[in-house]
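> Sequence:
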Amino acid sequence: MTNEQRETLRIRAISSGFTVLAIAIFKPFGLDLTQWQAYMHLLAMFVIGFVACLVTDCILRYIFKMPSSLDNGVDYIIKRNMRFQLINTPLVTLFLCLYRHFVMNGQIAGNSLSWGNFLETLVIIAFCSFIIGIYWRFQFRSRFLTAELNETRKMNEKLQESQHSEVIKAVTPPSDDITLTGTTSDTVKVNIKDLLYIETVGNYVKIYQLRDGKVRSDMLRATSKQLEDDLSAYPMVMRCHRAFLVNMQQVERIVSKPGGMLLDIKHCEDAIPVSRSNMSEIKKKLSE
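Numbered by numbering that gives the first Met the number 0, the letters in the sequence shown go through residues 0 to 287 in order.
Since the hints were made in silico from the structure, they are not lab data.
Treat the hints loosely; a few may be bogus.
With a cut-off of at most 25 Å between alpha-carbon atoms, the simulated DMTMM-like pairs for lysine to aspartate or glutamate come out as follows [claimed, not checked]: (1) Lys157 with Asp185; (2) Lys284 with Asp193; (3) Lys282 with Glu251; (4) Lys256 with Glu150; (5) Lys64 with Glu119; (6) Lys282 with Glu119; (7) Lys192 with Asp176; (8) Lys283 with Glu227; (9) Lys205 with Glu280; (10) Lys26 with Glu6; (11) Lys26 with Glu156; (12) Lys284 with Asp229; (13) Lys213 with Asp185; (14) Lys157 with Glu6; (15) Lys205 with Asp193; (16) Lys188 with Asp211; (17) Lys188 with Glu198; (18) Lys192 with Glu147.
Pair by pair, the computed Cβ-Cβ distance ranges are [as the list claims (entries may be wrong)]: (19) Trp35 with Ala146: 42 to 48 Å; (20) Glu6 with Asn104: 35 to 41 Å; (21) Phe25 with Arg252: 49 to 55 Å; (22) Lys224 with Arg252: 23 to 29 Å.
Note that the structure is a prediction, hence the values are computed from the model and not measured.
By construction, the Cβ of each residue, glycine as well, lies at the ideal position given by its N, Cα and C atoms.
Please take these sequences and the hints and turn them into a complete structure.
Given below as structure tokens:
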């Protein structure tokens, strides 16, 4: 069992324990009418809540394809936790209602399966789930943000190393000049050293590069995939987003934001977004 799996089990156990503690304090479902049996029911409810959490985790992992991975960043974790609560709350409610009907109803009247009991249980579990969600969100948000900042710092160090590395120069083709063609007869001449980034704009691409010390742009009727193939011989030109290709040699720094990561481009104030799917490829390239 990995450390991440152990932590997930610990979180689910604490969350289930908090819910049972709230039930023990307020004693709904007629638990105030029982004596030692109440402790048995509370223990059973803890097991039910814990099992329901594991079932919800399996639903998210195998049906919604959202594994519990800390590597995907804080926004992914928050989104996953919201879906977890939306699924887990009615699931725990259903399990508890079945337990009340088949086990508790024989000892305490009024626990039979009904819409009234279901709504009562749903309100209690939803309240507990809301409080637990706030607790874990603040508990882990600072931790994830710290981890992202550390990762961004390391990536910037790798970026600076790659920009001054002789290895990059060794694999760079001898010719820095290339002519890009589109679906029409129009062409754009580009010097790779001066290329900043390429942006997709509808059926066209906008090519930003330095000319005479100033940032200029040229429009070309083409797709970014076509230009990505044309520039495949230049390892420093990479896709960072479905709408952007960027020259990593012209990236000033990598910035971590709540909504994702951005690439600050040299010689201008433009910041290019990095999609989560392309982030791993950029990390891989920088590591290499």
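> Now tell me if each hint is right for this structure.
Going through the hints against the structure:
no.: 1; hint: Lys157 with Asp185; in the structure: violated, 37 Å
no.: 2; hint: Lys284 with Asp193; in the structure: holds, 20 Å
no.: 3; hint: Lys282 with Glu251; in the structure: holds, 16 Å
no.: 4; hint: Lys256 with Glu150; in the structure: holds, 12 Å
no.: 5; hint: Lys64 with Glu119; in the structure: violated, 32 Å
no.: 6; hint: Lys282 with Glu119; in the structure: violated, 49 Å
no.: 7; hint: Lys192 with Asp176; in the structure: holds, 9 Å
no.: 8; hint: Lys283 with Glu227; in the structure: holds, 18 Å
no.: 9; hint: Lys205 with Glu280; in the structure: holds, 23 Å
no.: 10; hint: Lys26 with Glu6; in the structure: violated, 30 Å
no.: 11; hint: Lys26 with Glu156; in the structure: violated, 56 Å
no.: 12; hint: Lys284 with Asp229; in the structure: holds, 19 Å
no.: 13; hint: Lys213 with Asp185; in the structure: holds, 23 Å
no.: 14; hint: Lys157 with Glu6; in the structure: violated, 30 Å
no.: 15; hint: Lys205 with Asp193; in the structure: holds, 15 Å
no.: 16; hint: Lys188 with Asp211; in the structure: holds, 14 Å
no.: 17; hint: Lys188 with Glu198; in the structure: holds, 16 Å
no.: 18; hint: Lys192 with Glu147; in the structure: violated, 30 Å
no.: 19; hint: Trp35 with Ala146: 42 to 48 Å; in the structure: holds, 46 Å
no.: 20; hint: Glu6 with Asn104: 35 to 41 Å; in the structure: holds, 37 Å
no.: 21; hint: Phe25 with Arg252: 49 to 55 Å; in the structure: holds, 52 Å
no.: 22; hint: Lys224 with Arg252: 23 to 29 Å; in the structure: holds, 27 Å
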